[in-house]
Amino acid sequence: MKGQSRWQEFKASIAPSMKEFKFTLSKIKKSPLSVVGVAIIVFFVGLAVLAPVIAPPIPGYDPFMMPHTKPYGPYPQLPSPDHLFGTTPGQYDIFYGCVWGTLTAFRIGVLVVACSLVIGITIGGLSGYYGGIVDELMMRFTDIIFAFPGLLLAIALVLALPSNITIINVGPIKLSMGLTSLDKVLISFILIGWPSYARVLRGEVMRVKNETYVEAAKAAGSSDLRIMLKHIFPNTVYPIIIMSSLDIGGIVLSAAALGFLGIGSPAGYSDWGRLISLSRDYIGSNPHDLLAYWNIFVIPGLFIFFFVLGWNLLGDAFRDILDPTLRRR
Amino acid sequence: MEEPKSLLKINDLILKFYTYEGVVEALDEVRLELRDGETLGLVGETGCGKSVTGLSTLVLVPPPGRIEGGKIIFKKKDKRYDLLAQREEFLRSLRGKDVSMIFQDPRSALNPVYTVRDQIVEVLMRHKRVPLCKKVLLRNDLSRYERYLYTRLLTNPRSFTLRILSKIPLANRFRRRINKVARDEAINMLKAMRIPDPERVVEMYPHELSGGMAQRTVIAMALACSPTLLIADEPTTNLDVTVQLQILNLIRELKKEFGSSILYITHDMGVVAELCDRVAVMYAGSVVETADVVEVFKNPLHPYTRGLLGSIPRVGVPFKSIEGTVPSLINPPKGCRFNDRCPYAMYICSQVKPKMMEVKKEHFVECFLYSKGPS
Amino acid sequence: MNSLIEIRNLKTYYPILGGVLKRKVAEVRAVDGVNLSIERGECFGLVGESGCGKTTLGKTVLRLLKPTSGSIYFDVPNDVLERIEALEKKGGKSEELRKLKKEYDLVGFRGHRLKKIRRRMQIVYQDPTTSLDPRMLVKDIVGEPLIAQKLAKGSDVGKKVLEIMDRVGLTERHLYRYPHEFSGGQRQRIAVARALVIDPDFVVLDEPTSAVDVSVRAQLLNLFEDLQREYNLTYLFISHDLSVVECISDRVAVMYVGKIVELAETTQLYTKPMHPYTVALLSSVPIPDPTVRRDNVVLSGDVPSPVNPPAGCRFHPRCSIAMDICRQKEPALVDMGNGHLVACHALTR
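Chains as they are written, first to last, in numbering that gives the first Met the number 0: chain A, 0 to 328; chain B, 0 to 374; chain C, 0 to 348.
Bear in mind the hints are in silico, worked out from the structure with no lab data behind them. Keep in mind that the hints are not guaranteed to be accurate.
[As the list claims (entries may be wrong)] Below, simulated BS3-like cross-link-like pairs (lysine-lysine); rule was C-alpha separation at most 30 Å, straight line:
{"hint": "1", "chain 1": "A", "residue 1": "Lys18", "chain 2": "C", "residue 2": "Lys152"}
{"hint": "2", "chain 1": "C", "residue 1": "Lys152", "chain 2": "A", "residue 2": "Lys26"}
{"hint": "3", "chain 1": "C", "residue 1": "Lys152", "chain 2": "A", "residue 2": "Lys208"}
{"hint": "4", "chain 1": "A", "residue 1": "Lys208", "chain 2": "C", "residue 2": "Lys21"}
{"hint": "5", "chain 1": "A", "residue 1": "Lys229", "chain 2": "C", "residue 2": "Lys159"}
{"hint": "6", "chain 1": "C", "residue 1": "Lys101", "chain 2": "C", "residue 2": "Lys88"}
{"hint": "7", "chain 1": "B", "residue 1": "Lys15", "chain 2": "A", "residue 2": "Lys18"}
All chains should be modelled from the sequences, with the hints used to inform the complete structure.
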């Protein structure tokens, strides 16, 4: 160890992780569907990052609100050089809506999944590790949430959440927060989403808890917290990663469904579901030519489709790569 | 050189595994010969390739393994077949009937959702359908319909109409006859395995059996069709030492009763001394020494065999081990694979792989120490 | 010279839960009343077949399992032990007995005291594949006891880890790798390094050579012997491999379904075994010499389950010299001379 610079030590310490990482990459390359999934997600990330460049927002307005353009006619317009994807009834630019909708989708998906993960992992981990009455209570609570049909519960929660919540109200200190309707949707999805993670993690923790190396750590005198963070967590987290990447797509789909029903983002917000909901009246409105206004639902629909597909493929890819039984083939 | 008495002859078998880390050269020109009625012990340590040799004999090596060369010549009813050149149909008719295998962990070799009866009957139905039909037809309480069906089955055991018929509820009641006969056969097999109270055991599930009983069930499945060759892959390693003694005695007795030859794969030299007639020692993918069991223990020629026998713990003697570790088979060393650990290694050992030579009568070694004349 | 470990009437039962309300339906009597004392510096062998409770005993001594009843004394002076024994004989519920037990009996240790005593006793497991965390680097695995016990910090940890790795025959290159990159023998060495890095007094070796090859076994046994001499360790060597135990242990105890049936000095036990189970066990070990044909004592039946052990002497259903009293009364361990203890009615008439 003497005479070795810090950089060399660092390189040596991450060398085995790098080897594992390279192995993982090679496995990804072998499966064509995973490559497609990665490509799709990379495309969407690029779109989200470059949104201000591709569809410049009107200065002075919230970039997420789609611009109205004159003439204000009720009919949607087909794609034209002015509006690349055409406009919705109400003259919202679909191109703008789809591009900024990517940002919204990421925001919804990543935020909801991240918060669900944090809550789910904490509750599931404690529940699985300690068992007993703690486990019973937590699991009965998740049972309650599972008993309701997801989307209905989400709608109910969205409608029930107040628009203004007061966090601290002690004497002179008063801290309150306004919740936009989109925030309400996010919170309700989080509240419905965490039980699945808790359940899965609890199962995994119960399996790993009895492994010999955990017992060896106990024999060395490690504290419970140390065991949970250093031994149990790294060995149980992989199924959760797979679930979460599949869920990002699922959450966006559900949010789009709510958006279509009119719950969620306010009118004029760039959200794919919203776009389709704006077009509700004009889908198939012309009985002689059902695809007369195809751009108003096909294009946002395709965005949703590919986004969810990309995350699904990525999740499958993760599962194929990270599943320890398949890994070493 | 054709040995007229050899039941199984493996010539220059080459097996490679294509993995991410590289090509594992698991078997490198393995030469093995098993004679009629003998128990050949295949000894070696972890990773030497003894288990895959057993699997190769049944041509059951899973991918990414690929057999790349050699011949496996098996004698069936006085005709010799190269198993590697046969079609899957033929091999399937061999497995379970002429060549059987028993594995190390009896609990995982048995399907946990089927009873003992189901598992033994499965083997019987696959291979012994005609004799079972004959037994059914001997009964005199068959209806005319059943008699007709079973005579049909006798002439054409794999009759398509009968297979369809056996899937239709109510019409497949004829199956109970053959099921009963098969069940009686299964109980007979268990009796032959010296299992007490076979009527009760035959209806048990694998998790209700102890290790010894589970292994006896596996042996019953393997011997149900009286195979000429039994391959045993470390069947007693996972068992307690007193149960191991029971099973070894059982295998010895059954060999006489059923007339099988046994290829016994193990790493325990004590078991080899107890059970085997001849011994083949494997190291890193090749057979390095083959001889009669007394010869091998009294007069080991290959340095690895000497090291192996020397490292058996003995009271009062300091522990002796073999220097170094088994080489990785992904890029195996040139020449003799033991040369980097061999106390007698010569220059040629690192360049050329030695060939199997008959140094004394019936005592074969692969080592340059015993080659006569300039190499 | 006091004994390092004193085990008095130790019992470890596992409850079997059943029924709708998950009540305790039966118990697995893994360790059912064991008395043992291990001297400082000796290698004490514990043999038996699967299910006899030897692994449970080893883990209970280390408090990795919760004992149901009994006492374990670790490095307690002889006079204190005698006092405790005297008080117990008087049928004690005395205050003094309670205080002494609270201070010395390992069974009652919790929390911080337990953590401190763990520093002095460690374990090497049977299967090195499962006993090492597959997602941790070797240097973290070996360094963990130091960090958990707060014995070293920062670069000190690295130094100590390197020291012990060197001592077990591994090099610096091996530090930054994952366990699956090593062979079985090397992994077992890593497990040994982890056990010894905090310099314990007592090490439980739970079948440490069962999962490795014969040639590697000898290397490991040499290592154990050298380390015992160098670090002045006391071993509890648990194994079902009788030939290995014969070579490395000073004294050996034979367990059967949760109880010790025979205990003696190694040479005594192997040359003059007394208990019928020991005799059967020793004769069933295959000898690596084809010219020796032995009269094997083949035991009928299987090892009884520890849930419902036979009444009286547990061995009586399989014993060739069973008498009436064997079916009714459990035999106690009796000293037959020279510290050779046997629990058998037929022999201790």
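Item to complete: Check each numbered hint from earlier against the structure, then list the numbers of those it violates in ascending order.
Response: Of the numbered hints, just 2 does not hold.
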